[in-house]
Amino acid sequence: MSAITQTAENNNRGKNKNWGTWGLAALITAVIIFAYFQNPNVTEAVLAATVRYSIPLILGALCGIYCERAGIVNVGIEGQMLMAAFLAYMVNVWTGNLLLALIVGVLTGAVIGLFLAFLSVSVKLNQIIGGTVINILATGITGFFYVVGSTTQGKLGPIVLGPLASLPIIGRALFSNAPITYMAFILVAVSQVVFFHTRWGLRTRAVGEHPRAADTLGINVFRTRYVSTIIGGALAGLAGAFLTLEGVGSFERGMTNGRGFIALAVMIFGKWNPIGAMLAALLFGFANALQTQLQFMGVNVAHQFIGMIPYVLTIVVVSGFIGRSRPPAAEGTPYEKE
Amino acid sequence: MARTILETKDINKSFPGTQANQNVSIRLEEGEVLALLGENGAGKSTLMNIIYGLYNQDDGEIWLDGKPYAINEPHDAIAAGIGMVHQHFMLIPVFTVLENIMLGAEVANGPFLDKAEARKRIIALSQDYGLEVDPDAIVEELPVGIQQRVEILKALFREVKILILDEPTAVLTPQETEELFVIMRNLTKQGVSIVFITHKLKEVLAIADRIVIMRRGKVVGETRPSEVNEHDLANMMVGREVILQVEKAAAQPGEALFEIEGLSIHDAAQLHSVNNVSFTVRAGEILGLAGVQGNGQTELAEAITGLRHYNSGTVRIAGEVMPQTNPRKQVQHGMAHIPEDRHKHGLILQDPLTDNFVLCTYNQPPFAHRGVRDRQAIYENAVELIQRFDVRTSSALTPAGDLSGGNQQKVIVGRELSRDVKVVIANQPTRGLDVGSIEYIHRTLVRLRDEGAAVLLISSELDEILSLSDRIAVMYRGQIVSTLNAAEASREEIGLLMAGSAQRTMEAEAA
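Protein chains in written order, with our numbering: chain A, 326 to 663; chain B, 1353 to 1863.
Do not take every clue at face value.
Unchecked claim - Reference excerpt, derived from the structure (chain A facing chain B, CB under 7 Å, subset only):
1. H522
2. T523
3. G543
4. V637
These aren't lab readings, by the way, just hints derived from the structure by calculation. Glycine included, C-beta positions come from ideal geometry on N, C-alpha and C.
Working from the sequences, and respecting the hints, build out all of it.
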């Protein structure tokens, strides 16, 4: 009886938290609409930049969610993205086939995911060290093999979704994008359904929370962790491919520039939920786009302070609106069968 | 004779250093409750884990319905209709009841979960077997008794024919235990066969159709409840004559040595985990604090031993108020503490016994002079205590972590009770120990009482409370709901108080 009341209380608490989130969303929407009436072009440009900046974070965070929901901590997202970005770029340079480059990027991520799964599940290496190994390898390998001056024959171009693209405010940002951007949003929705409405999702979450319990119910903990980490790797690979094939169009040394780590923050911020992570990534992307725009407009504030905006915003939101987020209970611990 | 549904034939299993099962052959008949009785470490759980596929036997066979059947993985056992409720529940705390029950046996359309259909089936099952539970509750928010129902429902959801219950009553109140027995009877009526693992003699006699006794990895006897009494069972289980009742003279309570007044602890959510608790323990008496696990005893024990901050109240030892979170000061005033979690608060597992024996006194003579440790004195102290408290170890320099649970507990008891103590706080002092060690620790506590110490015994084992205490305080939801004279208290009365129902009656009467 009391337990039931307690559950109801928790739900209420959850609802109160949601008010904060909704309030923030309403505020941002109001600011955007106001800005649109002031200067439609700039506003649309900021929103488009928001989406562009968010995509690798969304995909990176999805990678983190797939791994951690199964109990594997992946701090190697940065390295997975970098290697995938590099190889996708090289394939594009050699063959000029963008589809092939994309596939190679995704596969690169998946193979590194397999490597991480092998280290964490089979070798039972400390997972933070496993991820760090991947980051160091990726920096070293891409730095060594990258040849300055190679050129590509183009990048993935936008697909304009007919009249949707001419909607005011959001049309340009959401419906006039290159394929990986659309894919990212579709993957968020698919992942949300997969984790919370399918058998596979239920089992994967169980493995991340209490692997022994899952084992006693006949669920193969090792296989689940392998599969999840490989899928995660493929998503990080897609994020890398986005950078070289869609975002920038070329490769530079260290071009991921910490996005893999920000993706981890985004994942935590989104409470290990795909949709939550997407919203977190968009917020971070928005802050970044705003910051760039403010610097561009020559606002009379030292640029260091403007550069802080995304980070300050993150701190405020995390501390004020999100509440406690709780990681999967078994993450980071290798499973030992008795 | 009923049909044999499950049989093990000469199962052997060894772990490094021990032979956990040695030629174990048991037989389970259809629709019976078979009690598997034995001390901790007798090999009961090992055998069941082999049947459930969590361990693989070194040799021997498992037969189902008269045919050999290979069980290598839990998956094989589940397919054969075997279900197991583990001693430590195998539930996902953050999942709902529904998700926990269907996990691994999901009701689904293609890959998509069909929660509505699963909910229907769970509600039907809980009605059929009298196992009431809210399918949408989050498991970690449920009391353990209900969590156990979820475990049983999990097995029923998989349509088990054989149900293994591993120490199911360890976490239950006497009333919840009664309810469990009713459920077990219901199950056997519907054709389920049950293996019931326990070391509690009363329960075996109350519920079992047949009893198999194991000792040191071997089956040492088989009997029926009608043919034996508790005393016989205890002797068979331990392999020698045991005295179940602690012999003690009437208490001679003296001055108040340990006084707690109005102690409250709020947890993070501003709920009272301990709410305005007051009690006094006098010299020469044992106050038993009874209660089902999780009713604030752990928090209370940590607070009064100086390990946890409390929000209000005072703790006095021999009349002097103790400052908050200062265990050393309390130790210097004559407090001995046998903590609930011996690994976390009782010992430094990687350190040798020599150091573990002087954790409270390492900085005082004769173990240290002007800040320099005297290793010779420390070593001699360890050798003496090992002998006096009968610690089984290869040497005084063995790391504490290498000892068995019972011997680790003896090290703690030896360290705490060899000093000159006024107040003894013993929290679950015999949990997980064999009958021999329990006997020893009980006798030691009574001896200290007779020597004039004030003893606070915190235990969730009602039998322990009843046999040792002079007075009994019952804790429920962070409060002491009643304090009784042990001589006048009945098992039933305390059981009701532990479940909080007596309090409700009292409130109803008051209103």
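Checklist entry - Which of the listed hints are broken here? => result 4
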